[in-house]
Amino acid sequence: MESTTSNGGRTFSRRWVLGAGATTVLTAGLSACGSSGGTGSGGGGTITAFVYGDDAVKVQVKAVSRFNASAAAKKAKGKVKIEKVPGAEYPAKLRTAMGSPNAPDVFFNWGGGSIKAYKDADQLVDLTDTITSDPVLKDGFLPAVLAAGGLSGHNYGIPMRGMQPVILFYNKTLFAEHKLTPPTTWAQLLDINAKLKKAKITPFALGGADIWPELMWLEYLVDRIGGPKVFDRIKNGDASGWGDPAVLKAAETVKQLIDDGAFGKGYSSVAYTNGGAPAVFAKGKAAMHLMGSWEYSTQLGKFPDFAKKDLGWCAFPSFDGGAGDIRNVVGNPTNYWSINARTSNKDAALAFLRDCASEQYAKDLIANGDIPATANAEKLLDASPNPEFAKFQYEMVQQAPAFTLSWDQAVDPNVSTPMLTEINKLFVGKSSPSQFVSALKGLK
Amino acid sequence: MSTTAVKGGSRTGAGRPPGGSPVRAGRPHAAWALPGVLFFAFFAIAPMALAFYLSFTKWNGLGDPQPVGLANWQKLLSDDRLTQSLTVTVLLTVVSWAFQTVVSLLLGVWAAGRQKNRAILSAIFFVPFLLSSTAISLLFYALLDPNFGIIRGDTLGSTNGAFLAIVFVGGWQFIPFHTLIYQGGARQIPEVLYQAAAIDGAGRLRQFFSITLPQLRNTAATSSVLMVVGSLTYFETVLILTQGGPGTDTAILPYLMYEAGFKSYDFGYASAIASFLVVVATALSLLMVKLSGFGAMRSTREGM
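Listed in order, the protein sequences are those of chains A and B.
Numbered per the working numbering, the first sequence spans residues 1 to 444.
Numbered per the working numbering, the second sequence spans residues 1001 to 1304.
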């Protein structure tokens, strides 16, 4: 600035420019203070709901229009306005909105660590008492799923989407061609890997560019080797829990798989989100894919023939000598609605959340290919686009002795970001298993 | 040189446009700058001041920022990732500068010719600059897919591959712009210099090194400042192509800032990185202006 103005005949004095700048800053600051005061006008009125705007959002849109026309809405003198926040930036946008005067009244979240900051800032309505006193909510959902959305024994969320356990998917046709059966033990898995590699097929598709598909491997391995207690300890804030031998063993196992070529070459340039990894799997270049249950609907959308004819699924195999039950599940139990403590119409928000336990809501989810975490879901599953897969998934979660929430959702974002970076470094060979463990122990 | 003096001197006296008024009354009143100053204050100075304030606080985006004194700045100084990030940023800046300068200098000088085919081709060359960097990055991301792309290797998964991909994609986008600058610069060089050189028996190469390059000195300084400051703020390319990976090998400063702010929600630390970036970028461009003599604005035709 200085150089352009000082060249001419008349210069703007430095003081003048600074003065003008300071005035504007001051004005901006004052106006910001003025607008941050008034939130919520108490009792009645429309409430806003923030939701992750992907394909499945149509279920929530339907629920909103159903609710707005219902007697419950009239009683609470409120309507719900749904705001679809598109894409992967949802957490960042929610965070910005929650810190601003335009915070949503009800918002979609992943439970656990994803809402911890809001709880600490007293921005959440504690739903524990509401749930225990309301049979519709109390008996409406699978208890394990309801609990997984809470924090230290308190409930802050109502399940509102399908269950998302991580499942080992495999290509039935390829397996039949090479006379293979889905693995139930780690030794079988290694045997299958060897046979597939001989046939020049990559054993596993992996979208390493996204990192969270890599995380799934560690989640299951740590569970199978050391049991669900290992991560429970970490989740509760004990960073030394990363020093558990099971974590090191899991990291070493991952390293062996990589060195063994189980994920092929170039997996860290492949993403799941842009369709790369699903395509590798669907085109038969890879025979298996460890992925969340949404893989089924992804494949159904992109490669319908593959999804209908070739797609098989099974539980993650047990680890020889490991402490974890093969029935244990990792993944996202589901997504939740939580209520902002500063909502202008809590009655309407609660009434809206009750709708998630309704049969119609469950039916809508099922028609969309999702498996609701509601107690009434089991008898409705025949209406699913693929009843066989739906029942497998429902039983998997229902019978699971432990459901470990995805690590990146279970811990606070300021831990999960460096954790994902360390996991990525392990998978690209930038750190050894022992370096990996010591780096994680340093996270707090 | 003496043969050209008469002609050159008569055309451009003191380096002012010939149509200007004779007296120094051309400058408007200071008030005319007010909209610009206000705009700059609102959208640049105010956020910068706020970020600087936030760098002394701990804030996760909710509630009120808690003052923590110099904690963020101390963390900044002792953070291994910052050191690595700074190294990567410097490396990226230097390599990008070298790549872009060489290519755009050659292309620009070539495009300065008045032939019709050159005019058409340079118009086509300019197209990448008109596209958004996000679109370009997405395009190259698809092209580099190891299974279905054009270049089927683990490009983005290896340190060198990812780094070079960022350099290339950035270059692909910004070379057209710098080509344009060099083209303009090259066209400003008086034809008589070449004619004189030709009479003295200088060949094409000698003319390039002895006339074109020295005459483009100021052009190169402008273009270099833009390139260096530009590379310090590369962001979309890194976000889309590598997300700072593999590991943290391409996490340049702006990406580190984004990660601290919008992934870890540590806005205090992110603001400290941002303030640091402002200081570095300002210091670097001032230094370059000083060293290149660009600030003195001497005419390249002095003595002609």
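Honestly, the hints are just simulated from the structure, not real lab data.
For every residue, glycine included, the Cβ atom is placed at its ideal position computed from N, Cα and C.
There's no promise every hint is true.
[Said to hold, decoys possible] Only some residues are given here: those of chain A computed to face chain B with a beta carbon under 10 angstroms:
1) A351
2) P385
3) N386
4) P387
5) D412
6) N414
7) K430
8) P433
9) S434
Each hint tested on the structure:
1. A351: violated (26 angstroms)
2. P385: violated (27 angstroms)
3. N386: violated (27 angstroms)
4. P387: violated (33 angstroms)
5. D412: Where the cut-off is 10 angstroms and the nearest Cβ of chain B is about 9 angstroms from D412 (chain A), the hint holds.
6. N414: Given a least distance of 4 angstroms, the restraint on N414 (chain A) holds.
7. K430: holds (4 angstroms)
8. P433: violated (15 angstroms)
9. S434: Since chain B brings no Cβ nearer than about 16 angstroms to S434 (chain A), farther than 10 angstroms, the hint is violated.
Consistency with the previously given hints fails for numbers 1, 2, 3, 4, 8 and 9, ordered from lowest to highest.
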